[in-house]
Amino acid sequence: MYSEINRYARRVLRILLVAMAVCGAGYPEVTLEIRDHLFIPSELVVPANTKVKLVVYNRDPTPEEFESYELNREKVIVGGQRAIIFIGPLAPGEYLFFGEFNPKTAQGKVIAR
Amino acid sequence: MLLSSVIIVLREVLEAAMLLCILLAMSRFMKLRMRWFYISLAAGVAGAVAYGNHLAAISDLFDGAGQELLDAGLQIAIYLLLLAILPLMIINHHRGSYRPALLQCAMLAAVALAVLREGAEIYVYLSAFRYQPQLFSGVLTGALLGVGIGFSIGALCYYLLLGLPRRYTLLATCVLLTLVGAGMCAQAAQMLIQVDWLPAQAPLWDTSALLPEESLPGQLLYALLSYEASPTPIEVAFYSVSLALMVLLLGITHYACRPSCEELSRARAKQA
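Going line by line, the protein sequences match chains A and B. Residue numbering for the first sequence follows my numbering, beginning at 1 and increasing consecutively. Residue numbering for the second sequence follows my numbering, beginning at 1 and increasing consecutively.
One should not assume that every hint holds.
For each label pair, taking beta carbons as the anchor points, the in silico distance ranges come out as [to be verified]:
1) 163/B / 37/A: 43 to 51 Å
2) 144/B / 93/A: 37 to 45 Å
3) 135/B / 111/A: 26 to 34 Å
4) 215/B / 37/A: 53 to 61 Å
5) 80/A / 1/B: 19 to 27 Å
6) 113/A / 140/B: 40 to 48 Å
7) 104/A / 102/B: 44 to 52 Å
8) 111/A / 156/B: 37 to 45 Å
9) 53/B / 94/A: 36 to 44 Å
10) 37/A / 175/B: 40 to 48 Å
11) 102/B / 93/A: 49 to 57 Å
12) 113/A / 257/B: 54 to 62 Å
13) 45/A / 136/B: 49 to 57 Å
14) 248/B / 104/A: 45 to 53 Å
Source of the hints: derived by calculation from the structure; they are not laboratory data. Just so you know, even glycine gets a beta-carbon here, dropped at the ideal spot from N, CA and C.
The following block holds chain B by itself, in its conformation from the complex (with noise of 0.2 Å):
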């Protein structure tokens, strides 16, 4: 009960934990303020609290389709809400302090609906043992740890980001965030697959021979980039269209507001 209850609360924590490191990373690398951290943490837990106590009524919306559609949602919010962060972030970097206050709401929401989101089953997870008081303990003990490693990997990138040379933490954070974000919009068409929303298809490849996703790399590849040992061809266009229209939208920003040669020889004479 203690192994699989570390393996359950894991697998959720890193998912949200990742996000929130990467934020966090970032709001340290532009000198933002930290507070929001505890705000959208806390706005998590209360949504995943109450998500969790009206699972039944939620699932029973739309003929069924209710939490899938739900999640679905919560993930392409997450999308969007990623596509205005980035951009910002870049503009940010280059132009100084820009709209720094919608960039840290954009964040909190973020962070809020990824805990809301992951939090939500734990809690569900959690509840159950309300029926088996003898077990609780250990299945406590057991989620406590999940949470401590998904936490302790989460502060490894969050170190590794921020111990990256000035220059490249930006763009590992876009690369990151863009994967990241993509793979949100894969997991959402496979819900929306699951309820019939979108035809289930055949899958385009499989790739469980080579990596299983049961195994412990591909459980991590899953948590951090939605890995997907057999997409159907929706998941797939779904997955490149997100990351496109994510690059396109970088790649302009990046080019609208990279200091001018005429800024960059300005500056270096001010310096001399």
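So that you can see chain A by itself, here it is in the shape it has in the complex (with noise of 0.2 Å):
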């Protein structure tokens, strides 16, 4: 009895991750903090021709706006926020972003290989 219930419960486990891969879940990701006005880390590398998740949270109280000209992205993050923002696919090559609301300290880019 317990030996068939597991058996299901593994079954059911198994196609969830499935489901979980097909369904975006497989897209690498990549992790980006902004803490006290800065980008960290402010280089992230990335693979080349492939989409990618970028997941940016926002451990400052105050709103950031994550965006890039050459990734074609904008995005407000409020204070205390965590964003998703899919970027790419991109041929091999290095694309600044910046913070809009504090571009001179807000800096980084993505560095795709």
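Need the complex rebuilt from these two chains, each delivered in its own frame; the hints are there to steer you.
Here's what the structure looks like:
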């Protein structure tokens, strides 16, 4: 009886994992933090020619706008919030991004290899 | 801090100010009442504050895609309103007063939505300085300068449109707003790509070496016509289809409404 439930649970788990991979969880994920109006790390290395899921945590109490002319992305991230931004597929190269609300300090680049 | 706040506010104000001033010039041109302008500004600002205050909750909707979906929705809504406004303007121009209340309501809604969209970002930006009161006065000065410059450029556009010979005013407005509307659809597509609701693709071309988006002319072109240096095929398709749809609709309206030769000769006979 117990082993049957176990087998069943495992099968459900496997189906769930496959479904998650199909539903976009399969993109490589890169994490970025905003702290004291700085991007940490300021250089992100991502695989070239692949869509990447960029997860940005704003650890400051103030809002910031993630902006990049080269990646064609802009998104306001309220203080303390987590944001998801899909970037790419990118040709190998460097792509600058900055925080529009604090452009002097909040700067960084994505390096596609 | 002062300079960056001027730039941020100016960028946002310029987009809304262009639409507002073009529509304002047209209501003057068509001798519509101008009071709608205050109502839509007030509605837009109220909406912007509400949106700004709830941005965190809105962003979290739809697995974190809420902000982009709302933004894309607003842009498409403004395009659809323009799709009604421009033909109504042509009918009004050729046939005299035709449903002026409907035209005014559509203009009111379009301006309010544009102000809401751009105003929310300014509001969120300014609200950050609650935590840094020593910087607030500088930022506020910068913001006021940005608003001033933005509306001056809008006013320039307003007087340029009204200063044109009468027979070109409507044509110039239609061309400008068709381009503005198509640009909004392309921006909406970009928002949907950002949250993976539309597939991402490699850019179709890249003109950033010729005219960088961050340069002053690039920024102006972005504000007016949504200039994008490296658009993907989907964005180009959104731009082309919305442009073609508008041109087709305007062509049909113009063709159906233009005064026939018979009417013209009758009018001439009346004058003589």
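A quick look at each hint next to the structure:
Between residue 163/B and residue 37/A the beta carbons are some 45 Å apart, a value that agrees with the proposed interval 43 to 51 Å. In this structure, residue 144/B and residue 93/A meet the distance hint of 37 to 45 Å, their C-beta atoms being roughly 40 Å apart. Checked against the given bound of 26 to 34 Å, the beta carbons of residue 135/B and residue 111/A, roughly 33 Å apart, stay inside it. Under the hint 53 to 61 Å, the C-beta atoms of residue 215/B and residue 37/A, about 25 Å apart, miss the expected range.
Remark: the range hint 19 to 27 Å for residue 80/A to residue 1/B is upheld by a beta-carbon distance near 22 Å. Between residue 113/A and residue 140/B the C-beta distance comes to about 44 Å, which sits within the given range of 40 to 48 Å. Evaluation of the 44 to 52 Å hint for residue 104/A and residue 102/B yields a pass: the beta carbon distance comes to about 48 Å. Between residue 111/A and residue 156/B the Cβ separation comes to about 42 Å, which falls inside the hinted range of 37 to 45 Å.
Against the hinted window of 36 to 44 Å, the Cβ-Cβ separation of residue 53/B and residue 94/A comes to about 37 Å, which satisfies the hint. For the hinted restraint 40 to 48 Å between residue 37/A and residue 175/B, the CB-CB distance of approximately 42 Å keeps it satisfied. Taking 49 to 57 Å as the suggested C-beta distance range, the pair residue 102/B and residue 93/A conforms, at roughly 51 Å. Between residue 113/A and residue 257/B the beta carbons are some 59 Å apart, a value that agrees with the proposed interval 54 to 62 Å.
For the pair residue 45/A and residue 136/B, the beta carbons lie near 38 Å from each other, so the given range of 49 to 57 Å is not met. Distance hint check: the CB atoms of residue 248/B and residue 104/A are about 47 Å apart, consistent with the given range 45 to 53 Å.
Hint check: violations occur at hints 4 and 13; the rest are consistent with the structure.
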